[in-house]
Structures are given as structure tokens and as C-alpha cells.
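Protein sequence lines correspond, in order, to chains F and Z.
Take the first sequence: its position 250, counting from 1, is numbered 250 in the numbering used here, and each next residue is one higher.
Take the second sequence: its position 115, counting from 1, is numbered 430 in the numbering used here, and each next residue is one higher.
Hints listed in this document are in silico derivations from the structure and should not be mistaken for laboratory results.
Don't take every hint at face value.
[Said to hold, decoys possible] List of simulated lysine-lysine pairs, BS3-like, C-alpha gap at most 25 Å:
(1) Z:LYS1034 - Z:LYS964
(2) Z:LYS1024 - F:LYS168
(3) Z:LYS1008 - F:LYS81
(4) Z:LYS964 - F:LYS81
(5) Z:LYS719 - F:LYS248
[Unchecked claim] Far from chain Z, some chain F residues (derived; all Cβ distances over 12 Å):
(6) PHE124
(7) MET136
(8) VAL157
(9) SER202
(10) GLU210
(11) TYR266
[Unchecked claim] Just a few of them, taken from the derived set where beta-carbon distance is under 8 Å, the chain F residues facing chain Z:
(12) PRO69
(13) ILE70
(14) PHE74
(15) ASN86
(16) TYR262
(17) ASP280
(18) TYR281
Here a beta-carbon is modelled for each residue, glycine too, at the ideal position from N, C-alpha and C.
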Amino acid sequence: MKIKKFALKPDRLWKEKSEKSGKRKRVTKRDARGRKVSSVFLSPSVLGVLVFFVLPFFVVFFYSVVDNPISHQFVFLDNFKIVFQNAAFRQAASNTMKFSVIAVPLAVVLSLGLAMLLDSKMPFRSQFRTFFLTPMMVPIASIVLIWQVLFHYNGMVNDITALFGAGKVDWLKSEHAQVVIIVLFLWKNLGYNMILFMAALSSIPKDILEVAVLESAKPWQIFLFIKIRYLSSTLLFVTIMSLINSFKVFREIYLLTDDYPYPTVYMMQHFMNNTFGNLDYQRLSAAAIMMSIVMVIIIGILFLAENHFGRDVEG
Amino acid sequence: MKKRSVMIWGMACMAVYALTGCGGKGETAPDTAGEGQEKENDFVYVAEYGELGEDGYGVGNAIVGQDGTVFYTEVSEEETRLAARKIDGMKEEIPVELEENTTIGAIGKDTEGNLLLGLQRSSGSGAESAIENVSIRKIKPDGTVIQEIDTGKALLKESDFYIQSLLEDKDGNYYICYGKGIYVLKPDGEPYFNVDAGTYISNMFSIKGEKVVAAYYGDRGFELQEVDMAGKSLKALDSQIAFEYGTYQSGGDGADILYTEGTKLYTYNMGEEKPTEILNWVDSDIDSGSLQDFVILEDGKVVAVSIDWSSETGKGEMAVLTKEDRSEVPEKIVLTYGTLYVPYFVKTDVVAFNKQSDKYRIEIKEYGEGEKDYETMMNLWSADLSSGEGPDIIDMYYCPVGLKELVDMGVVEDLYPYLDGDAELKREDYIENAMKAYELDGKLYAIMRCFGISTVIGKVSDVGTGSTWTLDDVFALMDAKGPGTELFEYTTKYNALQMMMQTNEDLFVNWDKGECNFEDAEFIKILEFANRFPGEVEYDPNGPSDMEKIRSGELLLLKEAVTSVQQYQLYEYKFGEPVNLIGYPTTKASGTMIEPNGTTAAMNANSKNKEGVWEFFRFLLEKERQENLQSANAGFPVMCSALEKQFEKDMQTEYYEDVDGEKKERPKSWWTTGRNGEVTVEVYAATKEQIDKVRGMIETAEANHIDSKMLEIIMDEAKSYFDGQKSAQETASLIQNRMQIYVNEKR
Chain F
1 MKIKKFALKP DRLWKEKSEK SGKRKRVTKR DARGRKVSSV FLSPSVLGVL VFFVLPFFVV
61 FFYSVVDNPI SHQFVFLDNF KIVFQNAAFR QAASNTMKFS VIAVPLAVVL SLGLAMLLDS
121 KMPFRSQFRT FFLTPMMVPI ASIVLIWQVL FHYNGMVNDI TALFGAGKVD WLKSEHAQVV
181 IIVLFLWKNL GYNMILFMAA LSSIPKDILE VAVLESAKPW QIFLFIKIRY LSSTLLFVTI
241 MSLINSFKVF REIYLLTDDY PYPTVYMMQH FMNNTFGNLD YQRLSAAAIM MSIVMVIIIG
301 ILFLAENHFG RDVEG
Chain Z
316 MKKRSVMIWG MACMAVYALT GCGGKGETAP DTAGEGQEKE NDFVYVAEYG ELGEDGYGVG
376 NAIVGQDGTV FYTEVSEEET RLAARKIDGM KEEIPVELEE NTTIGAIGKD TEGNLLLGLQ
436 RSSGSGAESA IENVSIRKIK PDGTVIQEID TGKALLKESD FYIQSLLEDK DGNYYICYGK
496 GIYVLKPDGE PYFNVDAGTY ISNMFSIKGE KVVAAYYGDR GFELQEVDMA GKSLKALDSQ
556 IAFEYGTYQS GGDGADILYT EGTKLYTYNM GEEKPTEILN WVDSDIDSGS LQDFVILEDG
616 KVVAVSIDWS SETGKGEMAV LTKEDRSEVP EKIVLTYGTL YVPYFVKTDV VAFNKQSDKY
676 RIEIKEYGEG EKDYETMMNL WSADLSSGEG PDIIDMYYCP VGLKELVDMG VVEDLYPYLD
736 GDAELKREDY IENAMKAYEL DGKLYAIMRC FGISTVIGKV SDVGTGSTWT LDDVFALMDA
796 KGPGTELFEY TTKYNALQMM MQTNEDLFVN WDKGECNFED AEFIKILEFA NRFPGEVEYD
856 PNGPSDMEKI RSGELLLLKE AVTSVQQYQL YEYKFGEPVN LIGYPTTKAS GTMIEPNGTT
916 AAMNANSKNK EGVWEFFRFL LEKERQENLQ SANAGFPVMC SALEKQFEKD MQTEYYEDVD
976 GEKKERPKSW WTTGRNGEVT VEVYAATKEQ IDKVRGMIET AEANHIDSKM LEIIMDEAKS
1036 YFDGQKSAQE TASLIQNRMQ IYVNEKR
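This is chain F alone, in the form it adopts within the complex (with noise of 0.2 Å):
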């Protein structure tokens, strides 16, 4: 099935005007005073990002290619080394990895199941979107207290499974633990995605939808030739704010397990965070570096992604 293009980028528009009419457009001093007095306002936000973003990543590298802060000896990638071949930085990347393999796809995958179902004319929708939503209003020490009372050794769920005469477990400290922080994160997230999804499906052209079914379009092929296409760019952005998010789901271990929790759920943050606390801010910024690099690549690939699937839809 071909979209319809309904109507060309701007950026695109105004370069097809400029070489249609063959000549670089004259820069006025109207302009060129225009140009001033904005920077002027855009000087403070420079500034702010320059002071508070750049300047400390520049601190972060710095500090990752030096023995230690006091000595400042340059030891080039030496502690990107120490850091990668630590046992504990490989264990971490790699749960995170696997949380966030599992954990952000579900993310996506159920949201957006659930924003289908209540986009759909079923009845008490007001209501579950109002359900689902609640765990953005709970604070993180409530959220933390429930799963507690929930999770723990002496716990509500431990008190229903011998019921039935199972016995005890600790999903905090044993190998369910990451499934325990996989459902968390489902819990505090679902309804925020959900929203987002039901606002990209409600922004949908409902005459493309009608002429799909004139068309004898089934279902499956609405959702997936117009649907995903469509939603391809709120995907991207559930899809990012979900990797970010499955990367802070540390405070709630941190938590619900201390600093050093059980192996399954010792994440990235953890690393830093201990690191931070034992004042080892070389290694620290090595794998701050090391993280942001792997995030870097991972975002890339999804606007390559976004801008494959998307690439015939206007948004």
C-alpha cells in the first residue's frame, strides 16, 4: 500500500525554492540585526548548556584519562582498560543490557497493546486510563514501600503462594529478583507510554483509515501498514524514553536492595554510584564514557530505524 504525501518539510520546501530560483538569497541588515539580538537571548541557554553539560563532560573525559585527580597523571585509556576488564562493570553491563533487552520492548510492545484496546470502544476506558496512570502519581518511596511489603521474605506475595502450599522465596535476593524489578518497571511505566501512543493513534487521518477499509483492508494490515507507519516516530520516542528509563530504574533497586544488591539486579548505576561513593572518579568517568558511548550508538540505530520505517510518512 503507497501513503499519500500530503505536503513537503519546510527545510525541504525552501530548498527546492532556492534552486528554482537560482540565486542565494540576500542577507539584509534587518537580518543580520535579527541575528544579533537572537543570539543575544540564545546567549544564556548556550551558556547554561556550555557551563552544565559541556564543560563537565569535558571534566568527566578528563578525569577518565588521568590516574587519579590529584596526581593528574595522563594514562591515556588505562582505566578504560581497568574498567572493562573488571568483573563487577562486566556483570553490570550486562544485567543492564538484559533488562533493558527485556524489559523496553515489553515496555513498548504493551503500551501501545494497551493504548490499541483503549482507543478501541470498549467501555470503562476513562477509568483504565485513569488506573493505568496511578503509578505515575505514586511517589518512588511509596512505590518502593508497596513492592516491599509485596516482595519481601515475609511478604504479601510469599503469605498467597503458601496458600497453596509453595514456599517461601526471596525475589529480592535470589534469581527472580530481576523479574520482580522487570514487573516494577512495567508497573511505573506503562501508563505514561500508553498516553503517548493514544495521542499519536488519536493524531492518525481518519479519512486514510476509511479509505483502508473501502479498500477491504484487514485489520492486521490497518495496524501495520498505517499504524506503525504512522506512530513510527512517538515508537522512536517510547522506545528512548524507555531505554532512559529502564537506565534509572537503579533508584528503585537501590531501594528496594541497598548498594550492593543481589548479582541479577546490579546494574551500571550501581558500578557508578559505588565508585562515586569510594571517591574512584577515574574509573567512574571511564564508564560514564564507556555508557554514553553504547547509548549513543543504540539511539543511532533507532532514528535509522525511524527514518527506514518512517521515511513515507509525514509527522
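For chain F, the structure is supplied; the task is to place chain Z on it using the hints.
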């Protein structure tokens, strides 16, 4: 158009101005504070010192009058006399007639500049004599008696009564503080009422002669309680600020309260929201821990009197502090001593160093000053160190991170090159295992002035004569003695686990290979051992003392930090038969541990005054300082010759002549023990065997490198085992899992 661009530029400037935080109100306060700080820093209090007490006399009591004159008692074996030293240094004796066996228990003052003497008459002169009469004598500063109040035995209701301090209010009522309470007497001396604080009152003072206030550690922390004349009780002092532990005095005419908290002197007026900082005692080379009294004179000078109770006779010192322009004071290179809290011995050592050094002076930077939580002070401390702006000297006694972390950070300097390069000090002059306590990979990162030995003491008949024992030996002993016998007094499961881990932690971790084996049978045995102790213990103030329990066979062992030969002798007395310092159960060669007991510090690798830092370290390590640790239980010196000299001194018999002229052996030290402190143990010259036992204990002791994080993980997981929810094996597996991450991370 121009107008518009001016407006736009103006708005942009305002935006930048607002974003950079250059607001109106915000700038005033810090700038003013900064100015004030600068002004304050332009001045310094310069001290002139004067010793109190003639040769052969110690200083017993001392107060400062409102004109700066110090009144004090000079005490010798033969007599007690009253003396005054004026601000110009002139000393005079104040004639006071004292009956036989009468001492001046305390000196106080009224609101008109007269002195109050609390006189105690005893039944004899020996250690077993008791107070049989108490009187108060009010005299003029020249000794003329104004009033004499003989209370007879009216105040002697408590068996351990002694006059701690006394004063008179504006109405002429007398207040006698006797430790845990205050007696109030009417102006004619008739007993009025008694208030009981229930705990030791550290200071009693008056506010402008109107309110009398007691300062002590109560149920809610440190408290100031006013004596309520109407209610005949103590009531909380109505104040805007909370007071911390310190020395509190009357503020005289200038303020309501004058007090020392930490190392600083403050004045406070009731109703004010914060106190006024006057000075830092350490800056004037005064140890605030020894201060007895202090006064601010009308001309701004501060007069302070201190007594060094750790000296053999009680050395007194008067200091007159004058505010002077900083530029007029000879400049010294300032070194900073950074610590989370200031240990009392650090204050003493820093003050002693500052007094003798013409080139350097140390200023103490206390990160925990004020009401900071641990995380805040830890952040300040680590930010300072990691930015390279840390203190020149890093305190290791209260260091929040381990030595290894400091070394990995590159913060601490190897001290062996300094020691080896020193013309006088030699590496081999110091006790090897004591130096190893702060050694890592053959480099010395900190020095300690003196140390104690943490060990377990038991009867030879119970623990044998060996130098170490295992948990199997302990189990055998426990089983042999039966269930009614305590192994250690007041020890919970957690205490037991902690003490076992302190000794044995390194058995289960191989840092070189990055392996840990907490599933080992020996660790499981430790868990089982700890589980034999009660979950909670409650201190019974009316229960039998440890000595009574040991003698009756109810208690088998004591876990103690031995800091002197006399202390070892005390344990021999307590057990009533030969004892063995066997140490904590372990499969290692030794179960005894070296612990710092005095100033312990490292040199900041980033310090700009490393020579000065080494000057301080060598001051602590040199012979004179090592041979004069002063206090009886200050610890063992790290210098071999000083330790041997100390042993010789411990073996020397000292004599005194009693009232009949008979030569008697003088005790070297004494302790009160027993349920109500009714047993006084006097310790005399040590025998060679006793010295050999202590020496043997020191020689076999090892460094104590407890990793607090590891201990935290173990304690956390052990809870479920102690609560009976998991088996020892399951608990050990969990600990192993979590600990492996920790070990991996640390490599």
C-alpha cells in the same frame, strides 16, 4: 526602531543578570558576611601563658575572677593552699586557715568579687578516709573571712558526696553542686532544698547572678536546666538555641552565657537567635578540653585557666589572650588538620606542636562542625580531597574511607622516604607491627603516636596458656561450662559477629585474586557462634559487676582494649587467678589487634607544605613526645625504647610517707569496680612476668583492617539467620553473592 532595540538589549541584559543570580537581596548578605569575615580575620588572639603551681604542687581547683585574677589551690601531699595570680603575672598566696584533714574541695565566687571556698573535712588522710564535715567559707580576695557556714553532716546524704562547684546568687543563696545534684542553702546557711539531675552535672553557673543553671547530658541530649526556686526543681532553660556538649560559664557583665563548644568560644544572650563566636582556642594554642574557667574582661581580653589532668601532678596554666592586628603578629606557615570530628588527643598534640614551633602552626578543620549530618560532612571532606584542596594533614582516626581508597585516590603520601631521610628518627626504632598497621605494599601511609591492643582475656584454667585459639576451642569451653555461663558480658548476636569479623574478615577474602569464600565452613561456624548469643541485652544497673560474675564463674571472658600495663594488672585482679590474653578466636596466628589510641594521621600528597607536615609527624614520633604520653591509659608508645622505658617505669615501686612517717608503697593507678563502684582496685608496680605478658601481646598483635561496608553486608544478611528464617548455609550463600560483587568492584 532604536527604542525597540534598546529595550530588547535591556531585557536581554536583565535575563542574563537574573540567570547569573546577581539579584538584589541575595548579594547583600554574603557580601556583608564576607566583609565581616575579612574584618574578623584581620585580628588574632595572641596568648601569653603563665604556669600555675610551684614545684611539688599540683593545681586542684581554679577559677577566674571578673578582673582576670586566677584563684587556684596548690595541692601537695602535705598541704593545700590558696593562691592568686594576677593578670600582670604577679602571684600571691591568700592566707586560709584550714583544720587538720581539711581540703578545699571547690572555689566559687559571688556576684561582688568575693570568693567561696567549699571545705571538706575527712576522717583521715588515706584513700579509705571519708568526708565527715562540709562547710562554706566566704572570703575577700585578700583572705579576710566574711562568712563561715558549717553545714556539718547535713549535706552528706550521698556516700560519694564531694563538692564539685559552688556559687552564690544575687539574693545571697548558696548553690553547691555535688556531681548529680545541687544543694541550695539560704543566705544564713540553712538548707533550703535539693535538686537531683540524676546524672553527672558538668557545669553550674549563674546568669547575671539571677538564674542558676546546670549543664549536663540528660535524656534529650545535652541540656541546660535552670534551678527553679519556686518549684524547688530543675526546669528547661528558655533559650532560642540548642546547646551541645561543652564548658559553660557565667557571661559576666558582657553576656548571659559564655561557653566553649568544640574548639570555639561563644557568648550568648537569652532571646538571641544565635550565639556570637569569639575565638578558636586552638588558634591561641589552648586545649579547650582542659579548660576550667574563662572570662572576657571589659577591655576585650580573654583570661582562661586550664588544668592538664593527664599530667602526673595536675599542671595548671593561665592564659591571657589579647586581640591583636594580624599584621603585627609574626607570621607562621599554616598547616590544616582535617578531620570529621576532633579527637581530644589531637587537640592536645596540635596545641603542643603549635606552642613549640616557630615556623608552623596547625589549624584544625572540623568537617562535622555545627549540626551537619554524616553525608554532608562526608561530601565536604571528599570534595576537598578530590579537588586537591584538602587539608595538609588527614586524620585517620575518624577517616570515613579506608586506607586503600585513599591510596587509590593518590591522596596520601608515602612516609617511609621522610622517615628514612630523617637525621634522628630511624625506621627500626619503632615497633614493626605497629607501623604495619598503616602500611600498604611496603609503603607507610600514616603514623600513629600510640596504640592499644584489642584482645580477649580469660583465666588460664579456662583458655589455657596458648597464644591463640579457634572457634572449636571456644565451643568446647562453652559446652563444658553449661548454659548458665556467659561467654562475654552484654554481648548480642550482632556484637559477637562483629568482633569475629574484625579479627577474621581477611580469612574469607583474597583481594589479590578477587575471590571471596564466605560459604566456607569456618564462616558458617562464625555465624553459628554468633547465634549462640542473645538477640538483645539489657544493661542491669543493679546486677552484679563483671568482677563478681567472673569470680562466681557466671562470666568467662572479657573483651577489652588494653592500653597500659596497669590495665592488665586490673584484669589479673578481676579474675583472681592467672589470666591469658588469648585474643579473639581465629585460625590465624594471632587474634589480638592493634588499634590507634592517639593522634593518627596521613600526609596529603597534594600538600604544599609537606616539610611542615613531616615536622608535625616527627614531633609526635620523637623521643620526648613518645616517652611522655602523660595520661595513664593513653596507650603504648610506638617507639621501641619509649615502650621499654614505660615498662621500666611500670615496674618501679613508688613510695610515700603516711602521717606516722611510715614508708608505704604508692599505688600506680586505681579503679573503682563492683556493682556500685564499692571495690577500689589499687595497682602497684608490675612484675617482670606481667610485663612479659603485655610485651608478648604487643608482639603478636596484627593490624585491624575492618571494612565497614563488608561488615554492613554481613550484618544485613545475618539478620534473617538470627531471626530463624534462613539457614546458616543459605545466609552464607547470600553473603557470598553480594560480597563477590563488592570484591570485584573494589579491584
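Taking the hints in turn, this is what the structure says about them:
no.	hint	in the structure
1	Z:LYS1034 - Z:LYS964	violated, 48 Å
2	Z:LYS1024 - F:LYS168	violated, 28 Å
3	Z:LYS1008 - F:LYS81	violated, 51 Å
4	Z:LYS964 - F:LYS81	violated, 58 Å
5	Z:LYS719 - F:LYS248	violated, 30 Å
6	PHE124	holds, 42 Å
7	MET136	holds, 29 Å
8	VAL157	holds, 15 Å
9	SER202	holds, 37 Å
10	GLU210	holds, 49 Å
11	TYR266	violated, 5 Å
12	PRO69	holds, 5 Å
13	ILE70	holds, 4 Å
14	PHE74	violated, 13 Å
15	ASN86	holds, 6 Å
16	TYR262	holds, 6 Å
17	ASP280	holds, 6 Å
18	TYR281	holds, 6 Å
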